[in-house]
Amino acid sequence: MINKIVSSAEDAVSGIFDGATVMIGGFGEAGSPVELIHALIDQGAKNLTIVSNNAGSGHVGLAALIENRQVKKIICSFPRTAISVVFPELYRKGEIELELVPQGTLAERIRAGGAGIPAFYTPTSVHTSLSEEKEQRDFNGKPAVLEYAIQADFSLVKCLKADKYGNLTYNKTARNFGPVMCMAAKTAIVQARQIVEPGVIDPEHVVTPGIFVHRVVEISNPADESKLVAEKIRYHEIK
Amino acid sequence: MINKIVSSAEDAVSGIFDGATVMIGGFGEAGSPVELIHALIDQGAKNLTIVSNNAGSGHVGLAALIENRQVKKIICSFPRTAISVVFPELYRKGEIELELVPQGTLAERIRAGGAGIPAFYTPTSVHTSLSEEKEQRDFNGKPAVLEYAIQADFSLVKCLKADKYGNLTYNKTARNFGPVMCMAAKTAIVQARQIVEPGVIDPEHVVTPGIFVHRVVEISNPADESKLVAEKIRYHEIK
Amino acid sequence: MNRNLLRKKYDTMKSNDKNLGWNVNEMAQKVAMDIPDGAYVNLGIGIPELVAGYIPEGREVIYHTENGLLGMGKVAESQTEDPELVNAGKKYVTAIPGAAYFHHADSFAMIRGGHIDICVLGAYQVSEEGDLANWSTGNPDDIPAVGGAMDLVAGVKTIYVITKHCTKIGSSKIVKQCTYPLTGKNVVSRIYTDLAIMDVIDKKLYVSELAPGVSFEYVQQKTEARLN
Amino acid sequence: MNRNLLRKKYDTMKSNDKNLGWNVNEMAQKVAMDIPDGAYVNLGIGIPELVAGYIPEGREVIYHTENGLLGMGKVAESQTEDPELVNAGKKYVTAIPGAAYFHHADSFAMIRGGHIDICVLGAYQVSEEGDLANWSTGNPDDIPAVGGAMDLVAGVKTIYVITKHCTKIGSSKIVKQCTYPLTGKNVVSRIYTDLAIMDVIDKKLYVSELAPGVSFEYVQQKTEARLN
Numbered sequence: 008m009i010n011k012i013v014s015s016a017e018d019a020v021s022g023i024f025d026g027a028t029v030m031i032g033g034f035g036e037a038g039s040p041v042e043l044i045h046a047l048i049d050q051g052a053k054n055l056t057i058v059s060n061n062a063g064s065g066h067v068g069l070a071a072l073i074e075n076r077q078v079k080k081i082i083c084s085f086p087r088t089a090i091s092v093v094f095p096e097l098y099r100k101g102e103i104e105l106e107l108v109p110q111g112t113l114a115e116r117i118r119a120g121g122a123g124i125p126a127f128y129t130p131t132s133v134h135t136s137l138s139e140e141k142e143q144r145d146f147n148g149k150p151a152v153l154e155y156a157i158q159a160d161f162s163l164v165k166c167l168k169a170d171k172y173g174n175l176t177y178n179k180t181a182r183n184f185g186p187v188m189c190m191a192a193k194t195a196i197v198q199a200r201q202i203v204e205p206g207v208i209d210p211e212h213v214v215t216p217g218i219f220v221h222r223v224v225e226i227s228n229p230a231d232e233s234k235l236v237a238e239k240i241r242y243h244e245i246k
Numbered sequence: 008m009i010n011k012i013v014s015s016a017e018d019a020v021s022g023i024f025d026g027a028t029v030m031i032g033g034f035g036e037a038g039s040p041v042e043l044i045h046a047l048i049d050q051g052a053k054n055l056t057i058v059s060n061n062a063g064s065g066h067v068g069l070a071a072l073i074e075n076r077q078v079k080k081i082i083c084s085f086p087r088t089a090i091s092v093v094f095p096e097l098y099r100k101g102e103i104e105l106e107l108v109p110q111g112t113l114a115e116r117i118r119a120g121g122a123g124i125p126a127f128y129t130p131t132s133v134h135t136s137l138s139e140e141k142e143q144r145d146f147n148g149k150p151a152v153l154e155y156a157i158q159a160d161f162s163l164v165k166c167l168k169a170d171k172y173g174n175l176t177y178n179k180t181a182r183n184f185g186p187v188m189c190m191a192a193k194t195a196i197v198q199a200r201q202i203v204e205p206g207v208i209d210p211e212h213v214v215t216p217g218i219f220v221h222r223v224v225e226i227s228n229p230a231d232e233s234k235l236v237a238e239k240i241r242y243h244e245i246k
Numbered sequence: 016m017n018r019n020l021l022r023k024k025y026d027t028m029k030s031n032d033k034n035l036g037w038n039v040n041e042m043a044q045k046v047a048m049d050i051p052d053g054a055y056v057n058l059g060i061g062i063p064e065l066v067a068g069y070i071p072e073g074r075e076v077i078y079h080t081e082n083g084l085l086g087m088g089k090v091a092e093s094q095t096e097d098p099e100l101v102n103a104g105k106k107y108v109t110a111i112p113g114a115a116y117f118h119h120a121d122s123f124a125m126i127r128g129g130h131i132d133i134c135v136l137g138a139y140q141v142s143e144e145g146d147l148a149n150w151s152t153g154n155p156d157d158i159p160a161v162g163g164a165m166d167l168v169a170g171v172k173t174i175y176v177i178t179k180h181c182t183k184i185g186s187s188k189i190v191k192q193c194t195y196p197l198t199g200k201n202v203v204s205r206i207y208t209d210l211a212i213m214d215v216i217d218k219k220l221y222v223s224e225l226a227p228g229v230s231f232e233y234v235q236q237k238t239e240a241r242l243n
Numbered sequence: 016m017n018r019n020l021l022r023k024k025y026d027t028m029k030s031n032d033k034n035l036g037w038n039v040n041e042m043a044q045k046v047a048m049d050i051p052d053g054a055y056v057n058l059g060i061g062i063p064e065l066v067a068g069y070i071p072e073g074r075e076v077i078y079h080t081e082n083g084l085l086g087m088g089k090v091a092e093s094q095t096e097d098p099e100l101v102n103a104g105k106k107y108v109t110a111i112p113g114a115a116y117f118h119h120a121d122s123f124a125m126i127r128g129g130h131i132d133i134c135v136l137g138a139y140q141v142s143e144e145g146d147l148a149n150w151s152t153g154n155p156d157d158i159p160a161v162g163g164a165m166d167l168v169a170g171v172k173t174i175y176v177i178t179k180h181c182t183k184i185g186s187s188k189i190v191k192q193c194t195y196p197l198t199g200k201n202v203v204s205r206i207y208t209d210l211a212i213m214d215v216i217d218k219k220l221y222v223s224e225l226a227p228g229v230s231f232e233y234v235q236q237k238t239e240a241r242l243n
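Protein chains in written order, with my numbering: chain A, 8 to 246; chain B, 8 to 246; chain C, 16 to 243; chain D, 16 to 243.
No wet-lab data here; the hints were simulated from the structure.
There may be inaccurate statements among the hints.
[Unchecked claim] List time: in silico DSSO-like cross-link candidates among lysine-lysine, alpha-carbon distance up to 30 angstroms:
(1) C/Lys172 with B/Lys149
(2) A/Lys79 with A/Lys141
(3) C/Lys219 with B/Lys168
Quantities reported herein were computed from a predicted structural model and do not represent experimental measurements.
Isolated chain A (complex conformation) (with noise of 0.2 angstroms):
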């Protein structure tokens, strides 16, 4: 029978492999799933490939995750924060790669990753640094560059509400790459405010179906990325 819930953070990142390409979801600190990258870091994997529209702020989260020297690389769209210091400082010393992607296209990258679309156009980043070594095509006269899949072993994502099939609802600008995320990784694992009985989640209102989903852990009171940011919190000092 099909019971998605695992009982822990540590028991929802367990398996995540050194090398693993890991999508984490948020736009900034909304929709950040802090409790599974806390787990990430104690679980320890390495040589991390990160997807993720941001590379962290203060010294919890993806940052928490960067400091501890798990990652190898990142994809992203904006690395560059008001308080950001880990990323940009690894950057410089040339101790982290980064793969600069618009936001649009990554977040379509993301999506062809589940769709089972190999490769796409865009208009997006044309005549730009950013294209320069893409191929590029023109439809009805119009430019535009070829953009490949992205696909990834993990997820971590946070959602509102779940069901132990996977169903998920999101809470407002929280909702942002989790619903793509969950589609483009072989396992998605997703902590939620709320587990709830199958059924409660009305069939009409679910973001993501469950199909896309792997494992699921109840955070009932997850952290506000954004207060320990701001209270310059360490990911270690929370335990």
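Add chains B, C and D to chain A, keeping to what the hints say.
Relative to chain A, chains B, C and D alone:
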């Protein structure tokens, strides 16, 4: 001030011009915007290219539009049903063109049209007669064919609830092609069972955000197309 | 039509022909035995739909129908039929608690993105290399119609075919090479017929089970392709 | 920070420099006058956000924020801030009745599919051909970050730029050719600076309005590109 509500199906389909490309929602009878199609018959635009999953059943809805000789070409995945007589007859006489597209490729080409993706690659239809004239390319050793976006001048779609901004919800499997067809049309025309005040549809439950919708008409008791077909009714008998 | 009526219809068909081997319900039961607990499954229209009736107790299978529903339940009772709740075969169905509705592009993302575990399809022909022909007879008088068949064979992880071994006029549907237009190449993993169950391994057919009273030689005699 | 505080901050900046022409609020007001009733609008982070405060009475504008909200309302009051309801600049915002939330791929489908009518962006440089540079100074010590800027200029129907005419050290931001890395080529329709409003037509700049007390010659003198 924004108000996309129009007062009749007649007003809703006004301006559909000869030679236009028109997408029509529905999977068979489920989600078929019967009243809008019948208004288009009364309106009389000719030489239409229709994009729809099927080619109509009986003598109502899309079948009646075809029977009235308003359709030059149809782009669809499954023009044959147990009760379709109109399309087969004209097709065998060579009086209507058919572009046959695999159902998933059709849905994805329509989404691409709405999402600004001029073309994409898919493994669907590789090594079949439907890809014979299509460009092919390998990705990680797996062949895929190049498919182009489909856009429309108009879409006719049926939904459950709508507000004056054009936010929509659908009913069960009548959702099918509605959301992507709204995205891909210059003018998306929607018949709603109920028009509600803005905010009545929870922002978390909106399926089609209003930006994709241009005209909404309330048809509070839409005909059940499958019943009309079963009863062998013809569209002009309905008035 | 509910599942019992559907069974009865096929049983009647069966009693009218004189073939050896499994009837369609037994074939569907064989397929059902091979669907593991927790699988996401798409059943083709017609005989493949029978499979749902034979999933062993204790296994939970989630059914996907490509017109926008994950968690399809049983066929609807006649008083509760909803014309806006149908399956890909346009039958009135139900939804289980924990179901989800979605639009067509999302639905085919499940299929094409490799998220569905098993799809069970009918066939006009299957080749020994696992090629499938099930959408067109190639007859120029027929109205061509493909639906989701090419998406399913391209995207679903495992494709099972359930079909009579021979056509009504006795010619083999298990062939060296398909003569009908292909749905997909090298896509079929396993074939369930009234006479045998065959696996496609490295572009060869291996018989894994024979119907009661049917010999390997008898099946080979009824099969254009070479069996192993 | 609420809108009044934001205005005050920019007013203070303004009173500290001695330029002629419009202050940022007046510039934002000029942009706002050009946004028609019923428009779907995306406002860039920073000065472009001021535009929302100046939409004339009787016009209804729907704001899109690329992190997944259509129908963004005012900045949140301090007691009602929700860390999961933010705009693209990561400010706490609100949603109007009739708003909708959606995921990132759907959000950028709105942008890239040509559904947003107007986007107002800041700039490092704009060329006379309408090229925009606003994402990178090209300084190798800077951390490169692009966000949604390239998607916006490629997909939104009309791009307005709001910017100071010159940099802090007095060099023109309205140039013959951008020296900073491009965000997009031939994408800007209209430029609003403290000195003038300029339209890009057929790869040439036409001054359509001058700030009070500013002459065409004065603007041309402050502009590297040729004005018409």
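Hint check:
With a C-alpha separation of about 15 angstroms, the suggested pair C/Lys172 and B/Lys149 falls inside the 30 angstroms cut-off, and the hint holds. This hinted pair checks out: A/Lys79 and A/Lys141 have alpha carbons roughly 23 angstroms apart, not beyond 30 angstroms. With a CA separation close to 54 angstroms, the supplied pair C/Lys219 and B/Lys168 exceeds the 30 angstroms bound.
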